[in-house]
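Trainee: Chains as they are written, first to last, in this note's numbering: chain A, 1 to 292; chain B, 1 to 142.
These are calculated hints, taken from the structure and not from any lab test.
Virtual Cβ for every residue (Gly too), placed ideally from N, Cα, C.
Just to be clear, a hint being listed does not mean it is correct.
[Said to hold, decoys possible] Interface residues of chain B toward chain A, partial, derived using beta-carbon atoms under 8 Å:
| hint | residue |
| --- | --- |
| 1 | 10 |
| 2 | 26 |
| 3 | 67 |
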Amino acid sequence: MASAREIRRRIRSVKNIKQITKAMETVAASKMRRAQQQTLATRPYAEKAREVLGSIARQTARGAVPHPLLQQRDQRNVALILITADRGLAGSFNSNMIREALRWMREQKSNVSVVAVGRKGRDFMLRVGRPIRAEFVPVPDPPTLTAALPIARIAMEDFLKGDLDAVYLGYTDFQSTLRQVPVIQQLLPVEPVWLADERRGMVDYIYEPSAEDVLASVLPRFTEMLVYQALLESAASFFSAQMVAMRNANDAAGELIDDLTLTYNKARQESITRELLDIAGGSAALEQGRAR
Amino acid sequence: MPIHLEVVAPDRILYKDDVDMVIVPGAEGEMGILPRHAALMSGLNFGALVIKKANEPDRHIAIGGGFVEVRPDRVTVLADSADRVEEIDIAQAEEARRRAQEALARGLEPVDEERALAALKRAKLQLKLAERRGGSRRPVSP
Numbered sequence: 001m002a003s004a005r006e007i008r009r010r011i012r013s014v015k016n017i018k019q020i021t022k023a024m025e026t027v028a029a030s031k032m033r034r035a036q037q038q039t040l041a042t043r044p045y046a047e048k049a050r051e052v053l054g055s056i057a058r059q060t061a062r063g064a065v066p067h068p069l070l071q072q073r074d075q076r077n078v079a080l081i082l083i084t085a086d087r088g089l090a091g092s093f094n095s096n097m098i099r100e101a102l103r104w105m106r107e108q109k110s111n112v113s114v115v116a117v118g119r120k121g122r123d124f125m126l127r128v129g130r131p132i133r134a135e136f137v138p139v140p141d142p143p144t145l146t147a148a149l150p151i152a153r154i155a156m157e158d159f160l161k162g163d164l165d166a167v168y169l170g171y172t173d174f175q176s177t178l179r180q181v182p183v184i185q186q187l188l189p190v191e192p193v194w195l196a197d198e199r200r201g202m203v204d205y206i207y208e209p210s211a212e213d214v215l216a217s218v219l220p221r222f223t224e225m226l227v228y229q230a231l232l233e234s235a236a237s238f239f240s241a242q243m244v245a246m247r248n249a250n251d252a253a254g255e256l257i258d259d260l261t262l263t264y265n266k267a268r269q270e271s272i273t274r275e276l277l278d279i280a281g282g283s284a285a286l287e288q289g290r291a292r
Numbered sequence: 001m002p003i004h005l006e007v008v009a010p011d012r013i014l015y016k017d018d019v020d021m022v023i024v025p026g027a028e029g030e031m032g033i034l035p036r037h038a039a040l041m042s043g044l045n046f047g048a049l050v051i052k053k054a055n056e057p058d059r060h061i062a063i064g065g066g067f068v069e070v071r072p073d074r075v076t077v078l079a080d081s082a083d084r085v086e087e088i089d090i091a092q093a094e095e096a097r098r099r100a101q102e103a104l105a106r107g108l109e110p111v112d113e114e115r116a117l118a119a120l121k122r123a124k125l126q127l128k129l130a131e132r133r134g135g136s137r138r139p140v141s142p
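Start from the sequences, fold in the hints, and give me the full structure.
Mentor: Right under this line is the structure:
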């Protein structure tokens, strides 16, 4: 068994770790609350925006394309906007997203380049030699619409130039503090969403003032909103994962300290017993000597 | 037959219910929308959105531009900014107007100028609608 002094040293180091994990848990918890709140507040708008984009694309799927962002082409060159975090210590947050991205990339028959948002995703893609089209490091914290704009602009510009035939958005969808799911969605061209009422042969939309005017303002803005929402979802997921990971680490450290303290006490008791035996043995020997 | 209305701003849902009629500040002028309206998409101007429901007083929402999608059974308003008129704080709106005017007077980068202009328009609209709401305290003009 390790000596009492060694065990004491280990207890001290685990206590230090526990202090750090405790502090990180507290910080992550407060950031998590803010990020979750913001994510849930903007989600209805983003969902509605996606729905409206879907109906626009559905309307135009049949006829002429009234806006270049709706144009469906053969997907030869595509980009994946990969949103991860800059730091780890958040359980499997980054690795889950990266694994999903790799799985998706293997399925693609086209050339995939990466727009990396977050250091972890960028470093990984560099390591495996995937072409990086652009990188946004560090991830904006807290995410703002202003920070989402350049990411969305790159996607739209390259799509409009024809450098890209499609842009996908990969982020971790926030579902609850305990559950976050990596997803990959098509961002451009805007995909048609078919609704139940379409089957009944819905008439085309009337656009005011004109289809070109409405779409020219709506499509870019909604695309930006979707990128913004993805950043928010990812941030809420990251801080939730980190908070849970740090809480687990904290609990584990606490258990370890208890175990080590028990071992330490046993070791201490043993050494006391040994000393007592020595003393008892010694005094017994003296008694014997005196008796003789 | 009522029509389902949802008014959503980037940071919250302001209204979600069945209504009898809604008037929106369309890009081409005010539009009254009744159930079974033709499918339509339109930009929105700064202006008041009015919700009409039988046996209830009209509700007003200040819309700061945006977009509306109309389908025969539903209306979705995606506003760049939106405030319920009964919740407008006049003092706060005055303050926002003052700040925006000062910022514009200083001269700004184009992006910030756009944002300041939007803030100014929003504050002015809030004040106009809040005053029309009536019975509100009028600050002493400087």
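Trainee: Compare the structure with each hint and give your call.
Mentor: The hints, checked one at a time:
1. The interface hint given for residue 10(B) holds, since its Cβ lies 5 Å from the closest Cβ of chain A, which is under the 8 Å cut-off.
2. Taking 8 Å as the C-beta cut-off, the interface hint given for residue 26(B) holds, the closest approach to chain A being about 6 Å.
3. With a cut of 8 Å, the hint placing residue 67(B) at the interface with chain A holds, because the nearest CB-to-CB distance is about 5 Å.
Violation of the numbered hints given earlier is absent; every hint is satisfied by the structure.
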